[in-house]
Amino acid sequence: MTVYSAPGTDGAIVNYESRYDHFIGGEYVPPAKGQYFANPSPVTGEDFCEVARGTAEDVEKALDAAHGAADAWGRTSTAERANILNKIADRMEANLEKLAVAEAWENGKPVRETLAADIPLAIDHFRYFAGAIRAQEGTAGEIDDDTVAYHFHEPLGVVAQIIPWNFPILMAVWKLAPALAAGNAVVLKPAEQTPASIHYLVSLIADLIPPGVLNIVNGFGVEAGKPLASSNRVAKVAFTGETTTGRLIMQYASENLIPVTLELGGKSPNIFFEDVSRLDDDFYDKSLEGFSMFALNQGEVCTCPSRALIQQSIYSDFLGAGVKRVENLKQGNPLDTDTQVGAQASNDQLEKILSYLDIGRQEGAKVLTGGARADLGGNLSGGYYVQPTIFQGNNTMRIFQEEIFGPVVSVTSFDDYADAIKIANDTLYGLGAGVWTRDINTAYRAGRAIKAGRVWTNSYHLYPAHAAFGGYKQSGIGRENHKMMLDHYQQTKNLLVSYSPKAMGFF
Amino acid sequence: MRQLRDQHGPLMFHQSGGCCDGSSPMCYLEGEFRTGKSDVLLEALKIDGVPEPITFWMSASQFELWKHTHLTVDVVRGRGSGFSLEAPEGVRFLIRSRLLTEQELAELS
Chain A
1 MTVYSAPGTD
11 GAIVNYESRY
21 DHFIGGEYVP
31 PAKGQYFANP
41 SPVTGEDFCE
51 VARGTAEDVE
61 KALDAAHGAA
71 DAWGRTSTAE
81 RANILNKIAD
91 RMEANLEKLA
101 VAEAWENGKP
111 VRETLAADIP
121 LAIDHFRYFA
131 GAIRAQEGTA
141 GEIDDDTVAY
151 HFHEPLGVVA
161 QIIPWNFPIL
171 MAVWKLAPAL
181 AAGNAVVLKP
191 AEQTPASIHY
201 LVSLIADLIP
211 PGVLNIVNGF
221 GVEAGKPLAS
231 SNRVAKVAFT
241 GETTTGRLIM
251 QYASENLIPV
261 TLELGGKSPN
271 IFFEDVSRLD
281 DDFYDKSLEG
291 FSMFALNQGE
301 VCTCPSRALI
311 QQSIYSDFLG
321 AGVKRVENLK
331 QGNPLDTDTQ
341 VGAQASNDQL
351 EKILSYLDIG
361 RQEGAKVLTG
371 GARADLGGNL
381 SGGYYVQPTI
391 FQGNNTMRIF
401 QEEIFGPVVS
411 VTSFDDYADA
421 IKIANDTLYG
431 LGAGVWTRDI
441 NTAYRAGRAI
451 KAGRVWTNSY
461 HLYPAHAAFG
471 GYKQSGIGRE
481 NHKMMLDHYQ
491 QTKNLLVSYS
501 PKAMGFF
Chain B
508 MRQLRDQHGP
518 LMFHQSGGCC
528 DGSSPMCYLE
538 GEFRTGKSDV
548 LLEALKIDGV
558 PEPITFWMSA
568 SQFELWKHTH
578 LTVDVVRGRG
588 SGFSLEAPEG
598 VRFLIRSRLL
608 TEQELAELS
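If you read the sequences in order, they're chains A and B. Quick note: the first sequence, position 221, residue 221 per this note's numbering, numbers continuous. Quick note, this note's numbering runs 507 ahead of the 1-based positions in the second sequence.
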């Protein structure tokens with residue numbers, strides 16, 4: 001067990017600056033209007049730095065820098081870009097522990113997760129796209145004996161990326177790695193709830209990236225995000241967040257006739273067929289861990305398995321074991337490596353979760369464990385902690401239909417395979433799902449029948465590069481985390497070449 | 508709402524869904540968010556000191572799942588996200604819900 005010292009205190013392995021400006025053109029630039037906003041750590045609720053409050057003027061300056069850099073960057077060889085991505089990954093790996101602590105302090109998530117998942121995955125993501133871009137090639141189509149259609153990949157130019165607050169570094173890297181690999185210059189806006197950790201990352205890697213290729217403008221959505229997303233100087237917008245902002249970004253994009261990729265969340269079902277309980281073995285233990293995965297990252301995951309569907313024949317026993325498992329989760333100081341459940345990322349997130357605990361009870365759902373804010377005492381009392389909560393109810397309740405984005409699972413039973421699929425698909429969303437069974441035929445059929453972009457089968461919450469991630473239905477557009485994301489950051493150039501010296505004969 | 512109206516102009520809400528800041532009522536300049544056939548106008552809220560009603564919209568598919576509940580737009584301390592107008596003020600609009608009473612359901616049906 002290790003308890004890391006909080007950044008800014010004695011013994012800390014990583015410290016934040018007291019203030020962060022915008023990162024534009026390879027250097028830090030103060031906001032045009034000179035305003036800053038305070039950035040609290042959700043661990044204690046206390047401010048630890050201040051961050052530039054960007055406006056349209058700052059966005060324009062970042063776009064100037066990006067446009068100034070885009071052409072040269074787009075012409076670099078894939079080997080050169082891949083080498084830079086690999087160097088970024090190496091630099092991150094050498095500073096993994098510091099990045100992990102910085103991220104836990106910024107977001108409130110347990111450092112055991114940032115050490116084992118967020119940062120290692122981000123590192124691997126850069127390496128994956130370094131490899132993918134080297135291996136990518138165009139095509140040559142032989143139209144006829146004299147005519148060849150060549151297809152080349154070309155970068156889009158300058159792209160906008162708006163990053164969520166639940167995995168501030170990892171979600172930024174999911175977007176940055178393919179965009180940079182493909183040869184684009186980027187203007188990125190971090191979430192206003194978690195604006196600082198990306199700047200710690202930049203402090204480690206800025207010297208590796210040509211000035212203007214990566215630009216970061218901080219600020220509030222309406223003041224900095226909107227001018228960026230609605231700019232006619234970007235060739236694409238990538239956004240992770242919720243449906244109303246997703247629609248608004250599409251509306252802006254329609255005005256500029258540019259593409260978007262959107263990842264807008266879900267209400268992911270986690271289905272436990274009766275045969276999981278056939279033996280009390282490793283697999284049964286693993287399936288109970290799978291049930292408990294709703295508490296990972298305090299439930300602040302777009303694919304949180306927040307609806308557990310358990311077959312009626314095993315319902316009581318399995319759920320009883322699940323409750324016991326969840327009651328043993330260790331909630332505490334996110335900087336303690338033994339802590340499994342940390343703090344919600346912001347006060348408004350905490351308030352939203354509490355409002356769902358309220359409507360869940362009003363609708364008649366039964367609280368099997370948890371159900372309230374957690375006061376962890378000492379200086380953690382000001383932090384934003386919620387007890388891992390299990391509701392029992394039915395799929396028409398609002399807690400079954402809306403992404404609470406907290407450590408809350410809503411459990412119901414199903415009779416048979418058809419009933420399971422019907423309940424699983426009775427949702428507006430289709431991002432993730434889980435299927436647990438010892439029967440490969442059931443696993444395959446259920447996985448194909450669920451209308452969601454990612455069906456974890458006898459697993460959950462794995463996010464390796466090279467497994468496509470994205471949504472069906474209202475969960476969004478596009479697939480991240482896979483080489484196919486390169487297509488979302490590239491144009492296709494077709495050279496249609498005639499090798500015939502003869503006139504065509506029309507004129 | 509009076510403060511935001513004074514600063515920005517006529518206002519509207521569109522209720523969000525999905526992850527991150529999903530479930531938040533997003534406040535925009537009236538007309539900033541294009542509503543259409545896929546949306547339902549729940550209410551035009553009349554507020555003292557605001558010259559025109561503030562419209563409150565939700566997607567029709569989401570409304571089907573919410574229509575048995577009474578919604579209150581509250582405001583809490585927070586940071587917000589998305590492009591909602593209140594975020595720079597250090598507050599966040601938040602929906603509080605209760606079940607509609609049988610009498611209310613009868614009146615609405």
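Treat the hints with care, since some could be wrong.
As the list claims (entries may be wrong) - Below are the DSSO-like pairs computed for lysine-lysine, each with C-alpha atoms no more than 30 Å apart in a straight line:
hint : chain 1 : residue 1 : chain 2 : residue 2
1    : B       : 553       : A       : 366
2    : A       : 422       : B       : 553
3    : A       : 422       : B       : 574
4    : A       : 451       : B       : 574
Calculated directly from the structure, the hints in this document are not laboratory data. Because the structure is a prediction, the values reported are computed rather than measured.
Do the hints match the structure? See the list:
Proposed proximity of residue 553/B and residue 366/A is contradicted: the alpha carbons are some 37 Å apart, above 30 Å. For the given pair, residue 422/A sits about 41 Å from residue 553/B by alpha-carbon distance, which is inconsistent with the 30 Å threshold. Only pairs whose Cα atoms come within 30 Å are accepted, and residue 422/A paired with residue 574/B is accepted, the gap being roughly 22 Å. Taking the CA atoms of residue 451/A and residue 574/B, the gap is about 25 Å. The hint holds against a cut of 30 Å.
In summary, the structure is inconsistent with hints 1, 2 from the numbered list given earlier, while agreeing with the others.
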